[in-house]
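Line by line, the protein sequences give chains A and B. So the first sequence is numbered by my numbering: it starts at 45 and just counts up by one. So the second sequence is numbered by my numbering: it starts at 2 and just counts up by one.
These are calculated hints, taken from the structure and not from any lab test. Be a bit skeptical, because a hint or two may be false.
[Claimed, not checked] Distance condition first, Cα-Cα at most 30 Å in a straight line; then the derived DSSO-like pairs of lysine-lysine:
{"hint": "1", "chain 1": "A", "residue 1": "K294", "chain 2": "B", "residue 2": "K37"}
{"hint": "2", "chain 1": "A", "residue 1": "K291", "chain 2": "B", "residue 2": "K228"}
{"hint": "3", "chain 1": "B", "residue 1": "K303", "chain 2": "B", "residue 2": "K37"}
{"hint": "4", "chain 1": "A", "residue 1": "K152", "chain 2": "A", "residue 2": "K201"}
{"hint": "5", "chain 1": "B", "residue 1": "K228", "chain 2": "A", "residue 2": "K294"}
[Unchecked claim] Some chain B residues close to chain A (C-beta under 10 Å, calculated; not the full set):
{"hint": "6", "residue": "L30"}
{"hint": "7", "residue": "Y33"}
{"hint": "8", "residue": "P34"}
{"hint": "9", "residue": "K37"}
{"hint": "10", "residue": "M82"}
{"hint": "11", "residue": "G150"}
{"hint": "12", "residue": "Q151"}
{"hint": "13", "residue": "A213"}
{"hint": "14", "residue": "G249"}
{"hint": "15", "residue": "I253"}
{"hint": "16", "residue": "F256"}
{"hint": "17", "residue": "E360"}
Glycine included, every Cβ here is placed at the ideal spot set by N, Cα and C.
Spelled out, the chains give:
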Amino acid sequence: MKLLIKICLIVFLSSFFKINVSAGEKSELIKQNWPFDGFFGRFDQSSIQRGFQVYREVCAGCHGIKYIAYRDLANVGFTPDEIKSIASEYEIMDGPNDEGEMFDRLAKPSDKFVGPYLNDKEARVANNGAYPPDLSLITKARAGGADYLYNLLNGYKDPPENLEISDGMYFNTIYPGNQIAMPMPIVDEIVEYEDETPATQDQIIRDVTSFLVWTAEPELEERKVLGIRVLIFLIIITLMLLAVKRKVWKDVE
Amino acid sequence: MSTEKNELKGVTGWIDKRLPVFTFINHNLRDYPTPKNLSYFWNFGSLAGVTLVIMIVTGILLAMQYTANADLAFDSVERIMRDVNNGWLLRYIHMNGASMFFIVVYIHIFRGLYYGSFKAPREILWILGVLILLLMMATAFMGYVLPWGQMSFWGATVITNLFSAFPVIGDYIVTFLWGGFSVDNPTLTRFFVLHYLMPFLIVGVVALHIVALHQFGSNNPLGIDVKSEGDTIPFHPYYTVKDYFGLGVFLIIFFGLVFFAPNFLGHPDNYIPADPLVTPAHIVPEWYFLPFYAILRAVPDKLMGVILMFAAVMVLFVLPWLDTHKTRSAQFRPYYKQFFWLFFIDCLILGWVGSMPAEGIYVLISRIATGYYFLFFLVILPILSRYENTRTIPTSIAASVLSDKFVNEKTSTENI
Chain A
45 MKLLIKICLI
55 VFLSSFFKIN
65 VSAGEKSELI
75 KQNWPFDGFF
85 GRFDQSSIQR
95 GFQVYREVCA
105 GCHGIKYIAY
115 RDLANVGFTP
125 DEIKSIASEY
135 EIMDGPNDEG
145 EMFDRLAKPS
155 DKFVGPYLND
165 KEARVANNGA
175 YPPDLSLITK
185 ARAGGADYLY
195 NLLNGYKDPP
205 ENLEISDGMY
215 FNTIYPGNQI
225 AMPMPIVDEI
235 VEYEDETPAT
245 QDQIIRDVTS
255 FLVWTAEPEL
265 EERKVLGIRV
275 LIFLIIITLM
285 LLAVKRKVWK
295 DVE
Chain B
2 MSTEKNELKG
12 VTGWIDKRLP
22 VFTFINHNLR
32 DYPTPKNLSY
42 FWNFGSLAGV
52 TLVIMIVTGI
62 LLAMQYTANA
72 DLAFDSVERI
82 MRDVNNGWLL
92 RYIHMNGASM
102 FFIVVYIHIF
112 RGLYYGSFKA
122 PREILWILGV
132 LILLLMMATA
142 FMGYVLPWGQ
152 MSFWGATVIT
162 NLFSAFPVIG
172 DYIVTFLWGG
182 FSVDNPTLTR
192 FFVLHYLMPF
202 LIVGVVALHI
212 VALHQFGSNN
222 PLGIDVKSEG
232 DTIPFHPYYT
242 VKDYFGLGVF
252 LIIFFGLVFF
262 APNFLGHPDN
272 YIPADPLVTP
282 AHIVPEWYFL
292 PFYAILRAVP
302 DKLMGVILMF
312 AAVMVLFVLP
322 WLDTHKTRSA
332 QFRPYYKQFF
342 WLFFIDCLIL
352 GWVGSMPAEG
362 IYVLISRIAT
372 GYYFLFFLVI
382 LPILSRYENT
392 RTIPTSIAAS
402 VLSDKFVNEK
412 TSTENI
């Protein structure tokens with residue numbers, strides 16, 4: 045009987061996990077091994093730095109990352125001078141000044157990334173009515189996370205013959221409905237890496253995905269480091285409590 | 002019992018004579034006589050209490066940083082996640098704490114159901130518990146709206162719209178809930194205020210729940226009354242240490258989730274800012290509402306669906322008068338035991354179909370499962386109360402503990 049209860053408890057605890065996994069799963073996603081996966085997952089800083097280069101040279105034309113400040117780049121290995129020079133490439137509207145006028149100035153490290161468009165309407169007009177979403181949270185906002193993004197960027201194929209693709213749309217095997225307004229953004233050699241990493245399509249996609257996982261979960265590394273410590277502490281203290289419990293209960297009939 | 006008022010001396014005694022806090026603590030947390038045969042299923046009450054405290058503490062700290070405004074809410078949550086010191090930790094604890102709270106409380110309820118803890122003289126204790134569940138559901142629902150993501154917005158729209166099913170007054174109720182003609186800023190601000198208020202109401206009802214509990218003491222796996230002092234042990238140190246150990250195990254699971262899979266139980270769409278012009282492909286509530294959501298969708302008629310969904314919780318209020326069988330514990334009720342486990346599985350199935358699209362085979366499954374849900378309460382329990390014969394019940398807890406040991410030894414040798 046006790047065994048039955050235990051089994052049922054396990055089923056109960058595990059059932060909702062299964063429910064959620066099956067609800068959100070995209071079966072066709074090919075799972076990748078990411079360095080940030082698992083209990084001891086860590087960011088690969090050089091990959092994220094390359095990914096930032098890809099973002100800047102490819103994605104930033106249409107997509108913003110408005111929750112990231114320039115100074116946040118310090119967490120992935122950029123020096124203060126590099127950050128200053130990156131920020132100063134952007135112009136930002138500030139004000140009003142003492143004369144009551146708005147004015148443009150160069151961005152500072154404490155500013156958030158300046159997006160490509162002034163507002164949503166401008167973004168839509170420039171993109172044939174489709175809205176290019178902000179990418180700060182993209183890996184958290186899609187079922188499958190990093191794997192989804194990786195597969196999506198790799199998912200541009202020739203459409204099957206019987207499928208009619210609408211004007212200004214592109215065929216993608218992963219995107220829901222298979223028609224996406226974003227043209228295939230990443231091909232071999234679309235960027236030239238400074239660290240001489242071969243710029244294959246696969247490598248570029250991995251790098252930009254790593255970068256966007258970092259923008260979505262900048263706390264990931266800190267979280268996992270702290271998590272291991274917390275779990276070790278809890279496991280030790282729980283074992284000690286078990287020992288105390290056994291001792292206290294020893295004589296109870 | 003052993004510790005009398007006059008044992009307290011000095012400052013403690015002086016205070017206690019004027020305000021008997023120490024007597025109160027002694028009486029309710031130390032000497033409090035507790036059946037000695039409680040299983041680990043009796044840990045979940047105190048676990049729920051601890052979770053409530055964790056939720057209130059993290060919630061207050063989050064509220065210091067959160068902005069309840071339709072234009073700012075989403076960004077303020079991201080600010081908590083990125084710029085507030087340890088804000089991500091607070092939010093992930095609060096977010097996953099809601100799920101853990103429901104897991105703990107659902108196990109607590111199933112335990113009460115299995116061992117007949119709702120039966121005389123504990124009816125009011127049970128009713129207060131169901132009231133806590135209702136308040137928790139309302140609190141959790143409104144809390145999920147606060148980040149103002151896509152699922153927040155559309156979940157709120159779907160659930161508040163349910164009230165429009167009521168004839169005549171339906172539309173008025175919905176407008177009243179929204180504070181306007183759609184889910185918008187007034188909805189968000191009132192949900193925030195109520196989400197902050199209701200946990201304190203829960204604390205109040207929990208206090209009453211404990212008062213009612215300590216009137217007759219805990220039920221136990223045998224479901225028989227405490228007959229003599231030999232049946233009980235003092236709460237401290239026996240159950241304090243057992244509760245601490247249970248808490249340790251609970252926190253390992255809880256923090257495992259917080260640190261290594263914080264968004265596992267959430268929906269990715271809630272990281273997309275709310276957009277009234279874009280409806281998500283599937284609007285699903287949080288996992289702990291899925292069984293009730295399944296009941297809602299099982300019925301083709303909107304009003305009947307809403308009524309059945311509410312009835313699914315309300316029926317728990319009258320449970321003590323549906324199952325009037327004298328024997329409490331399912332251990333001694335062979336038929337009840339089987340129907341109970343079937344009911345348990347039925348709830349899991351309801352949760353599962355609740356997460357599936359309402360089409361094809363899922364509709365049929367949800368109808369059968371909904372049917373059994375109400376059949377169990379309204380037909381099976383009253384019939385069993387009348388006709389079910391019980392197994393031999395031990396005369397006392399002490400007697401059973403001794404004979405159990407004997408039986409266990411016997412069966413274990415048989416198995417070998």
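Here is what the structure says about each hint:
A threshold of 30 Å between alpha carbons decides the hint, and for K294 (chain A) with K37 (chain B) the separation of about 12 Å falls inside it, so the pair holds. A C-alpha spacing of about 27 Å is found between K291 (chain A) and K228 (chain B), which places the hinted pair at or below 30 Å, so the restraint holds. With a C-alpha separation of about 49 Å, the suggested pair K303 (chain B) and K37 (chain B) falls outside the 30 Å cut-off, and the hint is violated. Only pairs whose Cα atoms come within 30 Å are accepted, and K152 (chain A) paired with K201 (chain A) is rejected, the gap being roughly 41 Å.
Distance check on the hinted pair: K228 (chain B) and K294 (chain A) sit about 23 Å apart at the alpha-carbon level, within 30 Å; holds. For L30 (chain B), the interface hint is violated, the least distance from its beta-carbon to any beta-carbon of chain A being 16 Å, above 10 Å. A distance limit of 10 Å between C-beta atoms decides the matter here; for Y33 (chain B) the minimum to chain A is near 16 Å, and the interface restraint is violated. A cut of 10 Å between beta carbons decides the hint on P34 (chain B): the least distance to chain A is about 13 Å, and the hint is violated.
The interface hint given for K37 (chain B) is met, as the beta carbon of that residue sits about 6 Å from the closest beta carbon of chain A, less than 10 Å. The closest approach between the C-beta of M82 (chain B) and any C-beta of chain A is roughly 7 Å, which is under the 10 Å cut-off, so the hint is satisfied. For G150 (chain B), the shortest C-beta to C-beta distance to chain A is roughly 8 Å, which falls under 10 Å, so the interface hint holds. Because the closest C-beta pair between Q151 (chain B) and chain A is about 9 Å apart, less than 10 Å, the hint holds.
Residue-level restraint check for A213 (chain B) is violated (minimum Cβ-Cβ distance to chain A is 26 Å; threshold 10 Å). Because the closest C-beta pair between G249 (chain B) and chain A is about 3 Å apart, less than 10 Å, the hint holds. Checking I253 (chain B) against chain A by beta carbon gives a least distance of about 5 Å; that is within 10 Å, so the hint holds. For F256 (chain B), the interface hint holds, the least distance from its beta-carbon to any beta-carbon of chain A being 5 Å, beneath 10 Å.
With a cut of 10 Å, the hint placing E360 (chain B) at the interface with chain A is violated, because the nearest CB-to-CB distance is about 14 Å.
Consistency note: the structure conflicts with the earlier hints numbered 3, 4, 6, 7, 8, 13, 17.
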